[in-house]
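Now for the letters of each chain:
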Amino acid sequence: MPNQSCSYCGLPTPVRQTDSETPVYCCLGCRIAAGIINDDRQSEWTVTRLGMAIFFTMNVMVFTLVLWTWNVHEIDPDARILAFRGILRYACLLFSTPVLILLGGPLVESTAAALRERRLTTDVLLLLGVAAAFGYSIAALYYDSPDVYFEVCCMILVAVTLGKWLEGTAKQKATNAIRSLCELLPTTARVQRNEHEIVTPIEQVAVGDQVRVLPGERIPFDGSVGGETCVVDEQLITGESLPVTKHHGDLLFAGSLNVSHELILTVTSPADHGTIARLVKAVEKATSTSCRSIRLADRLAAWFVPLIIASAIATFALHYGKGVQASLMAAVSVVLIACPCALGIATPMALWVAINSGARHGVLFRDGDAVIRLAKLRSLGLDKTGTVTTGDVRVVSERITANTNTSAVRDTAQQLARSSTHPLSRAIANGVHRIETALKLSNIQDHPGKGITAIALAPDGETEALLGSVSFAKESGYTIPMDLSGQLENATEHNAIVCFGWRQEVKALFLLQDTIRTESRGTIRELQKLGLLPIILTGDTAPRAAEMQQAIGIETIGELLPEDKAQKLAAMTRPVGMVGDGLNDAIALSSADVGIAMDCGADLSRESADVCLLGSTLAQLPWAIRLARATQQTVRRNLVWAIGYNAVGICFAMSGNLNPIIAAVAMVGSSLFVLTSSLALGVAFGSDDSVSHDLPSEASPNNSMPRVAAGEAIAMRPEVEMVP
Amino acid sequence: MMELPLVFVAGFLGSSHCVGMCGPFAVLLGSTSSSLQNGFNRQAFFSIGRIFTYTVLGACAGFGGMHLGSQSVVSEWVNVPAALSIVAGIFLIYQGLSTAGALGVGWKSNPAPCLAGGLVANFLKSQHPSSVFLAGVFTGFLPCGLVYGFLGVAASSQQLLRGALTMGTFGLGTVPVMIATGIGGGFLSSTTRGRVMRVAAWCLVIAGMISVARGVGYIGLDSPDPTDCPFCD
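Chains A and B are the protein sequences, given in the same order.
Using the numbering used here, the letters of the first sequence correspond one by one to residues 5 to 728.
Using the numbering used here, the letters of the second sequence correspond one by one to residues 1289 to 1521.
Extracted from the complex, chain B is given alone in its bound form (with noise of 0.2 Å):
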């Protein structure tokens, strides 16, 4: 539970590298809105869809997790919780160093194919609520490395519920930077942004080391209680 608030920080921070992939959806979305109250609604209505395809795909992520570490063959070999957790830690940790540049090898924001492209646009230029919510639920499955990272993280909670939260959480997180993109186009320098993305860079990191952390904290454990405080003994 008590990463959530770290979770938060991430996909707010992290949503720079968002506006990379995403943003575009955005922007196009404040493009074709008639007021600024009404590109507020219909950004509010994307950023929903957002959230939902990823709650969803928390929950799924959480019973994967639960699923494979309670009856599994992969059980009786694996302690299942601390692998999740590890994985899912190194996972964000290496996503971390690589957008900071640490690694070496320069960070290629590459392009979906656009057969999500011509299937999103059709939805972002309709007016109707519900449409623009179906964008936000197409969008959501984009393939993005912070998603997965995050999704890890979700997976190694082994609960639907736990992991359907941090998702969401996630998801929140990122609501304000692209709502601020599709209304104001991008507010942020690219000097400042750099900067921003840096931090993010680094709070991915000490996010992963905390999962990392909890993952070998269940070594050692019969059967672990994901719901424990990893500093807590």
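Only chain A is shown next, with the shape it has when bound in the complex (with noise of 0.2 Å):
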């Protein structure tokens, strides 16, 4: 089941959401940020606590730098010193009593919620550390010793909440570029209605108004297009950098900006329904959806926890003999330099990065495992539609068989075609659409790879009608007239040959053409160097095959079945990948390692497919390969980190030799460099030549940013900083 998100940074937060108004934090750090950032007086006192405890740790430090001075300089205590020493030592334990509400109230707080749950976290090592110090303390007062470390409580509660709120902060980082897209849609826009225009805020347009974008602007719904021809830029959601143009009816993605002339939309889903709307969704159920890497990182840190306390009472056992001070500490110092926060975040947050990045630049993962696995392709088939070809097939001619009603065959061949999203029923099925001399169809049926069938009301009666290829014609007994015979032999091997026919006879021949891409040679080239060995599985003819492989310059394999690329697929290096539209391929995809669907712009998923690429072309991939090979990177990295820091800080902290806010302090700075390490990719990712983006804060209609200056950049950026 998918977990809730965080209110402040948005990624997954384990904690049960009991009613929808209170806001949900995943961490106490996220909590704290959350109430630096808002106004009201709850978020106040969280700050204004940080603030004193500051305040009272200060003060304890001083003292404690105080008493210190004397143990260093060895002075011969009189009965003053004496006395004053003592009533420091008392000072200390005034002023850490607040510290220890102040801060270590959210701490409990929050240790006893995941303990209600059964989860065992580092805030339970905090509080014992913490408290074993604290408890040593107030007993070496009583019993009238001097050592006393009260400021070790201090520190270590101070440190730990700073270090929570900046990993809180850097947490947000990792979803920022995703939830910055939102921001850049327009809060109203120009709805005509009855001759008038009116300006409305976005939630109040429905369906079907129709709303005038002006040139520069962002389209902000998803909508047809209602006028002439326009160009749009479609780069946020696709990711590609070329404009593209829309004729009139064509769908528009909200996010989308408009780089032509006025153009005027028809809404076609509501505001909070829009794409960029609807793909911040996604990235989130990506995100929260639970995959292996993981769970095997939650079921690591499970046993952390546990493992943790039983060394700690090793070290205090071992070194007892040099006295109950020097082992408690030594203890302490074990208990607080273990992080198991850097084993648990060191796979997901990486994770997490790459999901947001990828969708900021129009390639949405599935999930975590989908990035992992796409990492590790070693072989990649292509389908040719889209990747070599443009996706653009023509019928080039029609022959329609003599002795029978031209446009009746003609508009119902149409009919049939306009129920399959396949490109040649699509080329087919372009064009004037008369409905009425068509023939009524019933019970069609979709049969990938071969053809549709359906039921025709004839004029003398029912009978069954077929559009597909020739072998499937021949298969379901159709015969072909003798004028149309003669144009199926004198078709070149340039065509694909589609036969409409009804009552076990071909009334008509389509000869329909697609266009070799010259471009994608590129992307190929690319992907070559990446390592991956590239092969086109099409179902077009043999000849065709052998002309688009002289083409192209990979191996292409002609005359496939869906089934028959599954084959091809499965005797290739594995893992491998397949690239197709993800619905005419499901079979291929669904049986490839790493599926890869193209021009997933429209609905955002496929279901066979991990990896879903919005743009309609394959540039994308190769960057989507080095994202996934650099995350798999970074989560090695992590892992050995949080585990090589894990296993020397524990050993040198059971020698006896570390002092227990060192220990804490390095805690902290051990999750926030595994923290880091995962922004960083982000970072290395979110600005690429590829994609050429503006700065997150364009509020201005033109689009390009001017070049600025490093240091004017620099004076900017605390703007961008405060947008929350």
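I should point out that these hints are in silico values taken from the structure, not numbers from a laboratory.
Calculated pairs, SDA-like style, for lysine to any residue (alpha carbon to alpha carbon, straight line, at most 25 Å):
1) B/Lys1413 - A/Trp49
2) B/Lys1413 - A/Thr52
3) B/Lys1413 - A/Ala38
From the structure, some residues in chain A lie toward chain B, with a derived Cβ separation under 10 Å:
4) Met56
5) Ile58
6) Met62
7) Met65
8) Val66
9) Trp72
We put the CB at the ideal spot given by N, CA and C, even for glycine.
Mind docking these for me? Both chains are given alone in their own frames, and the hints should help you get the complex.
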């Protein structure tokens, strides 16, 4: 079951939300960070708590320093100094008690909540350490011993609270990329109603409304082009930097930029269901779906805490000979230096950053595992359409047999073609639709790789109608009339041929042609450079496949049905990926180790695909693979650090040479290291050459941000940072 | 002891540089005050907070210097009092010279990362004196070359009390200008401010030179006492 999302950083939180009103946070750090940016009374108290605790801690530090001075200089203690020393120690107690209440309180709360859900977290270790040090110090006061450790408690609590705040801020940065998308949408729209134009807030715009968008503005809704042809920049969604031409009736994505003249669009979905909103939700779902890598990390972290407690007890016993004080401090150091948080967050954080960064560039991963599997790819199968060819198939000519109602044949063929999304069907379906002369169709069935059949109501009764490949027609027992079979032989290798007929007789032949893309050669080169072996798998005829192999330069296998494609994939070097549209070749995509679907902009996800490219070209795939590999490296680096640091730190602490304060600070530093290393992944893949981005704070209608000097950029940054 | 007045003056004049970074906080304080009297009170609490932080930092620095010089490994190899004084002095001289422009490199004031801005601003807007005091406490931790320079001097004194006094005096020196900025919103014209900055810069250089002189005087002494006047025998 997917987890809840933290109200501050947007990452998954294991806490169960009781009601939808109260915000839920994944950690104490997020709670503090949210308190700092919010303006209400409740948050003010959170921050004031921290401030007062720091004030008291500073006093305790000075008192402790004075006590240490006397220890350092070994002054012969006379009665006055002894009395002063005693006063100072009680002063330490007086000033550290508020710190324990102010900062220890929230810690106890979050630990209790975690324990109720039977999760042992780092906070348990921290509380144990602080409680041990404080308890010992009070006992020392009671027995009038000179060794008090109040400063240890205070410094630990302050250092840990500050560290958690920084962690919360870091986590929020991980999801910044995708959340900043929502801020780019305009808040109002120009709605045309009854000859008037009203500026309306976008929440109040309904489906079916006509909205006018000026050039340079972002399109606020998903909609269809109402007027004439226009040009839009869909980089935010698909990651492609080249503008796209949209014709009348074409779909527009919310969040794309109008770069031509003003356009009118008819709204097809409300503001909160637009592409950007759904993209954000899709990313949330991807990050919260618990995948294998993350579950492994959780299990690792689960037995870690009991292990640490056991080690601490062992340390105490080990050093007991040197006195209670030394052994207790050594045990406290063991408890404090252990950082199960680094272990627990090493894998998830990098995966979350990768998912967010990918989504910002038009690459949607299904979950964290998809990222890792993409990184491990060794070979790649490519569908022909959209990769090698433009995806625009055109009907070059149609031949309809004599002695038949020509318009009925054509229109019925077009009707039947409209029920499929196959590129060949779509090409046939294009054109003027005249439903009146078409036969009525029912019981439409799709046969992948072969064609479509339906029951047609012909003038002389019901019959089966078929639209599909020549072999499918022959298989189904259709005969080809004399005048058409001649055409069949004359057709060149360039064409794909689709038959249409009913009552076991082919009535029409459609000759279709697609064009080979030359720019895809560059992408294929990049894929080869990444060490993958791309092979094109297509259902086209063998001569056509050979021609494509010549043109593109990689192995092309033709005449494959979808099941054949799956077989070919199984024979390639594993792990193998398959790139297709996710609809017509769902079988092939599902059978590959990584299914990659293209052109997912409208629906954002395909069932059979692990990775969805929102654009209609392969251009983002090399980038996505590089991101996945960098993520895998980051995960490895984080895990090596987390395990190595813990091993070395705990051993060192067990030797009894580690100061508890340094242990606590090191622990905070360790988890910050893991977080920073994961964020670095996002930075490296956030500003990419192939996808030129503007700074997130774009408010001007002109999309181009002037190049600023480095100094000005630093001066500008505070404003950007302050935007939550 | 004798350089404490100089520290005060350096703080007073150097605080015109402080206006760059800490000035906005004072102005925010002033703008959210209900009256002049109220504004003055809040500015005072803000400055008391800053001085508190400086004093604590000075005490820590003094302790650090003492610890370094007494029983640590470092003291076997290095004449710690001498080293601390000389390093602190050189740092102050460098600060002064670069502010005066004598080193050719312009003084770039790097704004602090705005993590601090968000945290402190909350306190500054509140009317309660304790919140303003806490804002001052936080502000004292902001990275500042001037503060570091004098922390070096505090460390070289190798005494808790002396270190605390040094930094406290420095803080007191910055108070008049900060309060004036907050109330008046900057009463000096930019040319006057430039001139004052140059005088302050040379003040820093002189303070630095005194520190170096003291350090040099320690070289050759077995167990130097930092309370000695550097110009006496």
